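Chemist: Given next are the chains, with one letter for each unit.
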Amino acid sequence: MDIFLILTINGLATGLLLFMMACGLSIIFGLMGIMNFAHGVFFVIGAYASTWTYALTGSFAVAMLAGIAAGAAIGWLTEITIIRPVYKNPIGQILITLGAFIVINELIKMIWGPNVIASPTPDLLQGEVNILGASISIYRIFIIVFSCLVALVVQLALTKTRLGMIVRAGVENAEMVNILGVNVRRVFALVFILGTGLAALGGTMIGPTMGQIGPFLSSQYLLLGFIVVVIGGMGSFIGSMVAGIIVGLANNYIIWLYPPAAMPLNIILMSVILLVKPTGLMGIKEAV
Amino acid sequence: MLLSIKGLQAFIGQFHILQGVDLEVREGEVVVLLGRNGAGKTTTLRCIMGLVSSSAIEYCGQNIAGLPPYKIAAQGISLVPEDQGIFSTLTVAENMRVALRGSAREGQKNLDFVMSVFPDLKQAWHHKAGGLSGGQKQMLAIARGLINKNKLIMLDEPSKGLAPVLVNELGRVLQEIKSYTSILLVEQNFAFSKKIGDKFSILSDGKTIMAGLMADLIKDTEAQQKYLGVSTQ
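Chains as they are written, first to last, in the working numbering: chain A, 14 to 301; chain B, -8 to 224.
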């Protein structure tokens, strides 16, 4: 029972980080039709920026802010330099974002080296609490609570503000939003920056769960991110949250039972859901 | 002159869709674009809205061709497309909010007017627009076009899918809004368009082939038969 509880808490934490990474990917794809292969590096940018800032300042809050700022700033640069020229060119989008993924990843290796670097748990969040006989890491509980708060804020922004309505309307029919007098390009840019910032925010929290970070994270989380997007449904915020949690939990259970089955399980999960529901759990557009 | 177009040219891909459309709309006028399927009526509206690039379009004395659609909308032009462009995952209220430029308070008066015209929408206010009936969706699409104080409203086949009783109602609404806005209407339903149109323009193969007062076209049964395929019984 206690091992089940530990796995569940760990799975929830992993899943919510995946969700933070994937929700931007999902909404950017839904709204702009852009498959952003570079999205995984923003997660890693967040991880490196926060680990580096934390080592420098000793404050995890400042480190998280630095991570999200770095992600959003580089996201903004990416949007104006390489995304904007390829809005109507899907093949170009794949090539240029994949290229950006490689370039930024290599830049990270140049700056911080190709090896993993240590990422300690902040003092305040160290230790464990005893819940029903299982010792649960306080840091994981922090991830769960914090991610849920972020999700709540974003969900409220999407449902209650006019900008949120415009984003949801744009996912369905961007041209009509334009006809109604909204500068869709500017909304695109804003969503891109928010999406990359959220991915980076997810990245700021990953380090302490493993004690270290490395450049390998970008490809690993990009792949998982895509799986979450497809399972949750393109452009669906709640969908990516549900899917993130499903993938996170499934991975943690299966890794405990039989580690090599983790990636095949994800693929099987994705295939089954696509067979049953081609739009993903909560999507309105078909993924394939 | 609100809108003035002479010899409008437009390409979609390599196809020369519009090859000389002439159109004039004055303040407070209802102009009906007529013509068979594929004549270029919808493309003309899309050119004016900035969705298809075209040769010069003069609106309020200035060329608006080349501007992005949102800037054209901001100058007081709205388009209700044939496919309605309803946001089905949003509620009726949210659809209206997205359409409303400016603050919600300013829009309240227009909203009250629009709701008095389409009471059905009021009942479905908090329902997802995707669940509305075909007629209700059409009403919502038109209501979105009316929510702002526009100078020119372009409606693409608004009577399509509406029950006859609602078509009459729509005609009454269009007469009412004529006092402050001009209307450019694409309509297959000649019985409906002859009731509310002041002027007409007939397109064929991307060219204007006849234009004038609606009253004259109503008398000219020969032209109706030749260009519109309307039976004269």
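Keep in mind that a hint or two might mislead.
[As the list claims (entries may be wrong)] Quick partial rundown of chain B residues pointing at chain A, CB under 7 Å, derived from the structure: (1) Phe78; (2) Leu81; (3) Arg88; (4) Val89.
[What the hints assert, rightly or not] Here are a few chain B residues that face chain A, going by a calculated C-beta distance under 10 Å: (5) Ile63; (6) Leu70; (7) Gly76.
I should point out that these hints are in silico values taken from the structure, not numbers from a laboratory.
Given the structure is predicted, the values throughout are model-derived calculations rather than measurements.
Note that CB positions come from ideal geometry on N, CA and C, so glycine has one too.
Chemist: Next step is simple, just say for each hint if it's right about the structure.
Modeler: To see whether the hints hold, each was checked on the structure:
A hinted interface residue such as Phe78 (chain B) counts as satisfied when its beta carbon comes closer than 7 Å to some beta carbon of chain A; here the least separation is about 4 Å, so the hint holds. Hint status for Leu81 (chain B): holds, given a least beta-carbon distance of 6 Å to chain A, under 7 Å. Contact between Arg88 (chain B) and chain A, as hinted, is supported at the beta carbon level, the nearest pair being about 6 Å apart and thus within 7 Å. Interface restraint check for Val89 (chain B): the shortest CB-CB distance to chain A comes to about 5 Å, inside 7 Å, so the restraint holds.
A distance limit of 10 Å between C-beta atoms decides the matter here; for Ile63 (chain B) the minimum to chain A is near 8 Å, and the interface restraint holds. Residue-level restraint check for Leu70 (chain B) holds (minimum Cβ-Cβ distance to chain A is 5 Å; threshold 10 Å). With 10 Å as the threshold, the beta carbon of Gly76 (chain B) comes within range of chain A, its nearest partner Cβ sitting at about 4 Å, so the hint holds.
The structure meets every hint from the earlier list without exception.
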